[in-house]
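Novice: Listed here are the chains, written in short residue letters.
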Amino acid sequence: MTTVDEDARRTVTPHRPPAVRRPGDVRSATSYAFIALYVLLTVAFGILPMLYAVYLAFTTGEGGFAGLANFTRVAGDFRFLPAVGHVAFYLLLWLVSLVLLVTLLALIVHTIRWRWLSGTLRLIFYLPGALAGASSVLLWLFVLDPTASPVGGLLRSLGLASFVQVIMPAHLPPIFAIIAFWAGAGGWIVIMYGALNNISPDVIEAARIDGAGTLQIAWRIQLPLLRKWISYMGIMSLAAGTQLFVEPQLLSQASNAVVPNDYSLNQLAYQYAFQQNDFNGAAAISLLLLVVALALSAFFVLRGGLFETD
Amino acid sequence: MTTGQVRVAGSRRAAVSGWSGRAIAGVATTVFVLFFLIPILWLLLASTKNARELIVGHPFAPGSAGAFADNWDQLFGFGDGEVTTWIGNSALYATGALVITLIASIPAGYAMALTRFRFRRLLLILTLVVMLIPNTALVLPIFLELNTIGLIGSPLSVILPMSFFPFGVYLTYIYFSTSIPRDLLAAARVDGCGEFQVFAKVALPLAAPIVALVAFFSFVQSWNNFFLPFVMLPSSDGYPIQVGLTSLLASTPAFNPSSAGTQSIQLPTLALATVISVLPVLIVFLFAQRFLIAGMTAGGTKE
Chain A
-16 MTTVDEDARR TVTPHRPPAV RRPGDVRSAT SYAFIALYVL LTVAFGILPM LYAVYLAFTT
44 GEGGFAGLAN FTRVAGDFRF LPAVGHVAFY LLLWLVSLVL LVTLLALIVH TIRWRWLSGT
104 LRLIFYLPGA LAGASSVLLW LFVLDPTASP VGGLLRSLGL ASFVQVIMPA HLPPIFAIIA
164 FWAGAGGWIV IMYGALNNIS PDVIEAARID GAGTLQIAWR IQLPLLRKWI SYMGIMSLAA
224 GTQLFVEPQL LSQASNAVVP NDYSLNQLAY QYAFQQNDFN GAAAISLLLL VVALALSAFF
284 VLRGGLFETD
Chain B
43 MTTGQVRVAG SRRAAVSGWS GRAIAGVATT VFVLFFLIPI LWLLLASTKN ARELIVGHPF
103 APGSAGAFAD NWDQLFGFGD GEVTTWIGNS ALYATGALVI TLIASIPAGY AMALTRFRFR
163 RLLLILTLVV MLIPNTALVL PIFLELNTIG LIGSPLSVIL PMSFFPFGVY LTYIYFSTSI
223 PRDLLAAARV DGCGEFQVFA KVALPLAAPI VALVAFFSFV QSWNNFFLPF VMLPSSDGYP
283 IQVGLTSLLA STPAFNPSSA GTQSIQLPTL ALATVISVLP VLIVFLFAQR FLIAGMTAGG
343 TKE
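Just so you know, the protein sequences line up as chains A and B, in that order.
The first sequence begins at -16 in our numbering and counts up by one.
The second sequence begins at 43 in our numbering and counts up by one.
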């Protein structure tokens, strides 16, 4: 470990004033050994890929500077705007249902006084989270196929008699929103429930003595205090939702391309890289998505006030 | 909705009062319990039926042990036992990533919480920012990067990126900054411990809960990861089970009529494959529920 220590010492510039020391803190070169592997991974799989994507997005296949050519090319692709539209519509449905229903369910579960019941309910809501990715999509393929579905009667009563009718293009955004809600809502309900538990019982008590009913307490006390968490959920889900990939990819495969394999932006980037061997175009789309995710995340870390950055 | 007057002064919760309020809350809860539960129950039952029972039988009637055994044989006979290979791959990738994640993130979280060094705050903010971006956002950039150094197709192309787990570092950081008294470490230093000894002999033995928590989250995330291995591993020998499911799906005539042939997969077999693909994670979820929930709510600490 001596090399790490030496490197560490070399990076310490002598003329800077030392950072303020808290009692018990130790400023030691050993710290650099502790963080070395993590920093290495951060550089290799966090920072370098981002920089390389930036490089590719602004160069041509031959390595020359391309300016914005890659971006204008992918944006001019006839598949680009529809993909943006699909993802946007899906996001709208998903975020609205997530914010409304998660908050509502967390509030309801929180009013339950029997601990075993509220615990069981949270487990039931949370359990589908175990089925992430391909598994949950596969499960929903069954549920959406009227011939095999446990809710075939419900589907038929909606006028949907065959799988192909169910997965018509217009139905896809709500379908993806339902799948995402099914797999992801429980985790958020649990988090909201935790946040509700953190509200001081005295505050609720005082409001009750002042004559506030359940609805008023929810509306005037609990919701305002949950606001940070709701915006956290909204921002994280917005960032995750722009990445839509597994759901349309598997549905495309299951439907013999009734659902196109360039339905979402990430799929389009994948097509650029793997079907067209156009890594520069793929990098341009990835970079657009990455910038959205980074901006949302950085905004929330620096302004959201939910995370400890001391 | 009628909200009744103050009734239970001793209650410390916002209890729903009034029968109509209770009824609406009850109905809403029941509807969502069914929504979350029915697909899972149905899937478990579907894996015990034969193809005919699945279509014509009652959706919630159980099948038979014989049908389950047939599905099992069909699944594990698929492509000369490819499914076994895929499960093995999943285990290899998830455990490999777990080991490296722990080696990288526990000391890093410790150092960030309890020692000072240059760029500490920068590293912390960077960790948070990367932790909050969806991990799919970096998949194609990482592919483009690893492609230039020819690592595509190697198990390392998934294990190494999965080992970069900022969430684990942040959880460790929170744990050490809130649960370990600084005086304890100072005392060890006074007693002549070097920095490595302080970490190994004082901090690490107290860190068992956080090591387990990071291990769980890392394992679950790696096991469920689809996009990364889908992009990195072109050959089906290297698929983890999540990606293998797409091969099975492509061979299911019910969804993909063109695939009817020697290697076709029946619907109940596909259901069984789905169950098996989530089994390790489902078990973790069921038995470590409290634990996982504690970790999720520890993510944000400021109130």
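Because the hints were derived from the structure by calculation, they are not lab data.
Since the model is a prediction, treat every value here as computed from it, not as a measurement.
Be a bit skeptical, because a hint or two may be false.
Here are the in silico distance ranges between beta carbons for each label pair [unchecked claim]:
#: 1; chain 1: B; residue 1: Val98; chain 2: A; residue 2: Gln259; range: 18 to 26 Å
#: 2; chain 1: A; residue 1: Trp99; chain 2: B; residue 2: Val232; range: 36 to 44 Å
#: 3; chain 1: A; residue 1: Gly142; chain 2: B; residue 2: Gln305; range: 30 to 38 Å
#: 4; chain 1: B; residue 1: Gly192; chain 2: A; residue 2: Leu64; range: 29 to 37 Å
#: 5; chain 1: A; residue 1: Ala278; chain 2: B; residue 2: Gly195; range: 49 to 57 Å
#: 6; chain 1: A; residue 1: Gly142; chain 2: B; residue 2: Val75; range: 40 to 48 Å
#: 7; chain 1: A; residue 1: Ala278; chain 2: B; residue 2: Val75; range: 54 to 62 Å
#: 8; chain 1: B; residue 1: Gly68; chain 2: A; residue 2: Leu64; range: 25 to 33 Å
#: 9; chain 1: A; residue 1: Val37; chain 2: B; residue 2: Gly68; range: 50 to 58 Å
#: 10; chain 1: B; residue 1: Leu248; chain 2: A; residue 2: Ser145; range: 54 to 62 Å
#: 11; chain 1: A; residue 1: Pro65; chain 2: B; residue 2: Ser277; range: 28 to 36 Å
#: 12; chain 1: A; residue 1: Asp193; chain 2: B; residue 2: His100; range: 52 to 60 Å
#: 13; chain 1: A; residue 1: Arg203; chain 2: B; residue 2: Gly99; range: 31 to 39 Å
#: 14; chain 1: B; residue 1: Gly99; chain 2: A; residue 2: Gln199; range: 24 to 32 Å
All C-beta atoms, glycine included, are put in the ideal place defined by N, C-alpha and C.
Novice: Quick check: which numbered hints come out false for this structure?
Specialist: Going through the list in order, the structure violates hints 1, 2, 5, 6, 7, 8, 13, 14 and respects the others.
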